[in-house]
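Asker: Using the sequences provided together with the hints, build the complete structure.
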Amino acid sequence: MEALFFYLFGGLAVITALVTITRRDAVTSAFWLIACFLNVAALFAMLSAQFIAVMQILIYAGAIMVFFLFVTMFLGEPRRVRLNRGRAIPLISTVTVLLLAYLLMRITNTQHRGFPSISDSYGSVAMVSRKLLVDYVFLFEVTGLLLLVAVIGAVYVARKPRTGVGEGEGHV
Amino acid sequence: METIANHLLSWVIFLPLAGIVPLLALPRGADRSAKSVAAVILLLDFLLSLKLLAGFVPGGGFQFVEDHLWVERFGIHYSLGIDGISLWLVMLTTFLGPILIISTWNAITTRVREFMVSMLFLQTAMLGTFCATDMVLFYVFWEAMLIPMALIIGIWGGKRKLYAAVKFFLYTFAGSALMLVAILYMYSQGAGSFSWFAFRDLHLTGTQAAWLFGAFTLAFAIKVPIFPLHTWLPDAHVEAPTAGSVVLAGVLLKMGTYGLIRFAIPFFPSAAAQFAPLLSTLAVIGIIYGALVAMVQKDVKKLVAYSSVSHLGFVVLGLFAMSTESMAGAMFVMLSHGLSTGSLFLLVGFIYERRHTRLISDFGGIARVMPLYAAAFMFATLASVGLPGLSGFVGEFLVLLGTFKSVTLHHATLFTVLAATGVIFGALYMLWMYQRVFLGDCENPKNQGLKDLGLREVLILVPIFFFILWMGVQPKPWLKSMEPALEALIEQQQQALSASGGSEALRWVEITPATSLEEVQR
Amino acid sequence: MHPITVEYLRWIVLLPLGGAAFLGITNRRLPTVVVSLVASLTVLGSFLLSAQAFFALRALPTAGRLLTDRVYSWMPVGDLRIDVSFMVDPLTAVMILFVTGVAFLIHIYSIGYMKGDRGYQRYFAYLNLFVGMMLILVLSDNLPLLFVGWEGVGLCSYLLIGFWFEDLANSAAGKKAFLVNRIGDFGFLLGMLLIARTLAGKVGGENLFSFAVMAQHTSLLAPVATAIGLLLFMGATGKSAQIPLFVWLPDAMAGPTPVSALIHAATMVTAGVYMVARMNFLYVLTPTAMAVVAVIGALTALVAATIAVTQDDIKKVLAYSTVSQLGYMFLACGVGAFGAGIFHVMTHAFFKALLFMGAGSVIHALHHQQDMRYMGGLRSKMPVTFVTMFAAMLAISGVFPFAGFFSKDEILYNTFLDSKVLWAIGYAVAGLTAFYMTRLLALTFFGKSRVDEEHVHEVHESPLSMTIPLMVLGVLSLIGGWIGWPHFLGGSNRFETWLAPVFRHGMEGEAMAHGAENAVHASAAAHAALAHGAETAVHAGGSTELALAVASLALALLGIAVGFVVYLRRLDVAEAARRAAGGRLYWLLKGKYFVDEIYEALIVRPGYWLSDIVFFRFTDAGLIDGVLVNGTARSLGILGSVLRLLQNGMLRWYAYSFTLGVLVILFYLVRHL
Amino acid sequence: MFDASVGLNHYLLLSVLLFVIGVAGVIFRRNAIIMFMSIELMLTSVNLTILAYSRYLGDHTGHVLVLFVFAVAAAEAAVGLAILVELFRKRDTVDVDRFRQLME
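Protein chains in written order, with the numbering used here: chain B, 1 to 172; chain U, 1 to 522; chain C, 1 to 673; chain R, 1 to 104.
Hints listed in this document are in silico derivations from the structure and should not be mistaken for laboratory results. Please note that the accuracy of each hint is not assured.
Stated by the list, open to error - Taking lysine-lysine pairs in the BS3-like style, the calculated list, with each CA pair at most 30 Å apart, reads:
1. R:Lys-90 to B:Lys-160
2. C:Lys-202 to U:Lys-476
3. C:Lys-202 to U:Lys-480
Said to hold, decoys possible - Among the chain U residues that face chain C by a calculated CB cut under 7 Å, a handful are:
4. Val-296
5. Thr-324
6. Gly-389
7. Leu-400
8. Leu-401
9. Phe-404
10. Lys-405
11. Ala-420
12. Val-423
13. Ile-424
14. Leu-428
15. Leu-431
16. Gln-435
17. Leu-439
18. Asp-441
19. Leu-479
Glycine included, C-beta positions come from ideal geometry on N, C-alpha and C.
Answerer: This is the structure:
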């Protein structure tokens, strides 16, 4: 029963991922990626990491992808960009990717190891937050700082040139 | 005065460096005063070094020793000292100092002040190298010497000056990098400190000694230069300004041989004996090859440069023949080569200042137009060719004598015979050049207008020629002061060899009347 | 035989050297009179001092005749003690006397000959330097100091041959002389080194190069004596122009004639003979070396004489004649008659210097015309020159009362004792000498005048300053030989006895060489017996010596007669003879056996090619510089440019290269799975 | 293949697949935004692996780590897109190959 769900959500995740990278239009691929993240969230839940699953949906699917969509809309993709063809790079890179895939699989196909039983409070917000705020409180603070810096950086980079040094008004 | 007395060596070394301060203080365009300040400083330095000479006791080991802690953790000391070997090289450097400055009175016109600064810096570096008895201090001075020399060639040089400067710098630098590795390795082998004595008494296995000897000798072989590594010399000489090539030939080449006799041989006596045949062969090749190639040169300076390769081949042969006469001869050739080739370069410089060309084909019949110059050039040629009665002969004769008598060197006879042919080739290319440049009638119009040597030029040549003659006629004071240091070196060499049971490469045979000739020859 | 130390020997050398230095420094600023005075007086001073030494020596008992003057220690290194010290023994006395004597005469002669020449002072400076160096060579008591003089005279001959350096040919001749000498000196140097090696450490602190010390240690030198002898002789062939190194002497005629007279006739070229005589104690140890010396001497004499017959330039004839006579001297030394060799050196110095100076005055009169075909009939116009040269001709041909007869006869006699073949060669050369000297006289002074028009009436006798030396030497050519009046003619051969002590080793060694190989150290008694033994041999041989003397006199007269007949009466016969003797032989002789051309082709040109193409262009510029040094530089440059391509700014290429990196690392990690 | 329970290696296999797809996305696509998305995908696959192990070990450290990954991913996306906007303003395109500035 439970394996069934795993293959369902796993397969969906892979398929949606594949579709994301093959869409020509950034917006549609963004939506497909959101779908993929939802499936992954489901997988997290199966791993009884409820808090993380919820956070995944909230942050990834919710925040980051929305941000992606916003930026895509904001930029207003002027024209279709063809998938690049006919250059030496694709041939070698497919070989590389396949090789990479083969290698990683070789590493991970360890013998079957089942999951031990766990207490039902495993994965709950209390447990995770205790761990987070007890053992890794310093890292927590630093990450906060990191986010602050990222925000300032993003704002600074993307601000409209007040001094008109660039070639006038952006196209937007 | 008292502080000068007991720190005499440091004063002699760092006086030129101190001279840079007044130079920098001069206003921008004051070329003349820059030159005179530099000349005065170096003259003072020479006079100071005379005090060194006066206070020197031939028998004692290192004298005027100064030893101050420098880097405590690694046992690096600021330690100086000179003995019979380095004394005369120091005197040669300080003697040539003022002469260099006066010789470029009107040769260098652009950026005169910077030129004088680099000359003074070079002088300090050279003196330091000769007096340092601490390996790190030696290495610092050794590298410091490269910079000004490369600048002098690179900035004030001839057409291909950059190529020559870079080649000179990289070539020497690559060699000395290896030496640095060797020094550090030896320190790591428990030498305790970087002092010369600790390194000399360090016990090393056969292979270690061989490799370290190889590293040291390679660095010095490039500097000497020994046969395959000499191609930087002609370029450096041709492109360097007059003063540059005089100091290059006069002192810098002696760094290599000084390094061999001060560091390579005493540190690894068994390896030195083991490699002696190889290095002697290279030396002999150098002698003949240098002379023959000199014969076909079109440019006078290149010819003299290749002749230096030939002369220094004698020095290396003498060093590795390991007998008192050959070592003394080698030291003597160093000094006399410094004077004779130095004066040759000065003379070539004078004619270059007048005609701005060095090609032999541009000259002809100069003797009619400039008789005094022709006579001076003849004197320098004879000294360089090794005419008996001048300093060149004494050195070469002792080297050949020592090599022929040497028992540590196998096939000593073959080496001596081949080296002696150098005597013939020497005369061949010098006289042929002299004939093409000076003799015959002077039909080239540009040559007819040349004026003979001025007072300044004669003033420079007279002291050099005086010493060439004195060293040729009465070499005793020089030989006497060198001998104890060389005796000690050979003594130490023999002990090391007999202590190591005579490495298989060498069999120590005592010459007794009964020994038959072949036994001696083998 | 403890030597007497004196102080004035050094002045014999210092006087001319001082004169040279003084004239050299004040070049072109002294009036000619002062110059000639200074130059001549210094040489005269040396001559007087030499005479004083000679008489001091005569006063000493025959056994102890040795004056020494140790000036200072030259090269004290390790157990080596070389010092500058001079000595005069009977041999040196003879040499310094005639060297300074002839030099003084030539200085006087040069005053007239070089009058008006731009380089007048420079000429005399060089001449004084030469005399100084020659005296160092002759007076030194050890080999290295002798070598100083040896190369010093080589230098002076270079300077003087190329004296008129405006003409490139002269300076080339000078260079050739110096280089060939240098090749000889190379051998000499090696000889010295071999001596040093064998005697090293076994001489106990004395100067192992000094002749006395070497003479005492002949036993040590015995095994390597042959090698040393041959090497030293190589130096002698260079200096005294013997086969194979005689090519420079004929070209040396490019120098002023007094130079040829002094250097290339009387003094420098005899240095080789002096050295062999000085080292007689060594040469007697090796019969093989002696044989080589004798054979080469004889061959050179023959070859040079044959060439001399065909030369047209008056100085070239004399030059080859000198080479030939030198061959005689070496022949004498080779057969052990060192005394006879030195005797011939002295007599030859007299008449050859005279011949050269006579030729000089002829050339001077004919305004530098040296070709005999344009001379003739000068007998009436230049009587003094003619008479003196005639005397010299008779002397060199070996006609009875003249000097040449005695010295040449002694050599021929000693050669006869040693080997008949060499004697035959020597005998033939005597005839040839008489013939070509007569040819020279005939073409120059007899027959109709072939002098070209504008000079013919100007020809007049040379000024007094040139003729006086001619006369003095003319007299010497006559009486010079009497000092060695041989026993079989009732004389006491004072010259021989005078030199005997120096060559005592010679006699003793001679006995040893001929007798059993026992290295018997002759005690005083045995020594006397030996000397006596030699004495009787001479008396017994007196009759054969007389016969030989008469034979050589006859041949000489025959040569003279044939010479006169051929070159005076019937020039056409001479022409016919030349063609009849076969163009080829004549062509060979005229071309001087093409020795120069052979050397040029075999040694000079390939040598130049080797060093230019193979050494410089191929190895130096090409291999070492090109491939190794610049090669590495270029290859680094290429490598750099390749790497630069990787940074092509394409973002996705960077992404790809990251992935590639990951892949490689994974491969490494996974390899053992 | 379908044995009863789903083990650790299944999850690992899945995350490998997702990761590879992400890498392919980054390499093949010329559109910068798609590349960013692929990067996010790669990060998610890594999260999956971390959680799988965390569950296997029965420990919550994995969870904390994933949270941090979220933070970093967010920051990275923000700054990345900001740069993209600025680039777009200069070049009117998001085609990566056009941005050759590094090379000139």
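Asker: None of the hints should be skipped; say for each whether it holds.
Answerer: Here is what the structure says about each hint:
1. A C-alpha spacing of about 12 Å is found between Lys-90 (chain R) and Lys-160 (chain B), which places the hinted pair at or below 30 Å, so the restraint holds.
2. Distance restraint check for Lys-202 (chain C) and Lys-476 (chain U): the Cα-Cα separation of roughly 23 Å lies within the 30 Å cut-off, and the hinted pair is therefore satisfied.
3. With a C-alpha separation of about 22 Å, the suggested pair Lys-202 (chain C) and Lys-480 (chain U) falls inside the 30 Å cut-off, and the hint holds.
4. This hint holds: Val-296 (chain U) has a C-beta 4 Å from the nearest C-beta of chain C, less than the 7 Å allowed.
5. This hint holds: Thr-324 (chain U) has a C-beta 3 Å from the nearest C-beta of chain C, less than the 7 Å allowed.
6. Satisfaction of the interface hint for Gly-389 (chain U) is found here, the shortest Cβ-Cβ separation to chain C being roughly 5 Å, below the 7 Å cut-off.
7. Using the Cβ-Cβ criterion of 7 Å, the hint placing Leu-400 (chain U) at the interface with chain C is satisfied: the shortest such distance is roughly 6 Å.
8. Against a cut-off of 7 Å between C-beta atoms, the interface hint on Leu-401 (chain U) holds, since the closest Cβ of chain C lies about 5 Å away.
9. A cut of 7 Å between beta carbons decides the hint on Phe-404 (chain U): the least distance to chain C is about 4 Å, and the hint holds.
10. The beta carbon of Lys-405 (chain U) is positioned within 7 Å of a beta carbon in chain C (closest approach about 5 Å), and the interface hint is therefore held.
11. Annotation: interface hint on Ala-420 (chain U) holds; nearest CB of chain C at approximately 6 Å, less than 7 Å.
12. With 7 Å as the threshold, the beta carbon of Val-423 (chain U) comes within range of chain C, its nearest partner Cβ sitting at about 6 Å, so the hint holds.
13. Among the interface hints, the one on Ile-424 (chain U) holds; its C-beta lies about 5 Å from the nearest C-beta in chain C, closer than the 7 Å criterion.
14. For the restraint placing Leu-428 (chain U) at the interface with chain C, the shortest Cβ-Cβ distance is roughly 6 Å, inside the 7 Å limit, so the hint holds.
15. A hinted interface residue such as Leu-431 (chain U) counts as satisfied when its beta carbon comes closer than 7 Å to some beta carbon of chain C; here the least separation is about 5 Å, so the hint holds.
16. Interface hint status for Gln-435 (chain U): upheld, as the beta-carbon distance to the closest one in chain C is roughly 5 Å, under 7 Å.
17. Interface restraint check for Leu-439 (chain U): the shortest CB-CB distance to chain C comes to about 4 Å, inside 7 Å, so the restraint holds.
18. Checking Asp-441 (chain U) against chain C: minimum C-beta separation of about 5 Å stays under 7 Å; hint holds.
19. For Leu-479 (chain U), the interface hint holds, since its Cβ comes within 7 Å of a Cβ in chain C; the closest pair sits about 5 Å apart.
Of the numbered hints given earlier, the model fails none.
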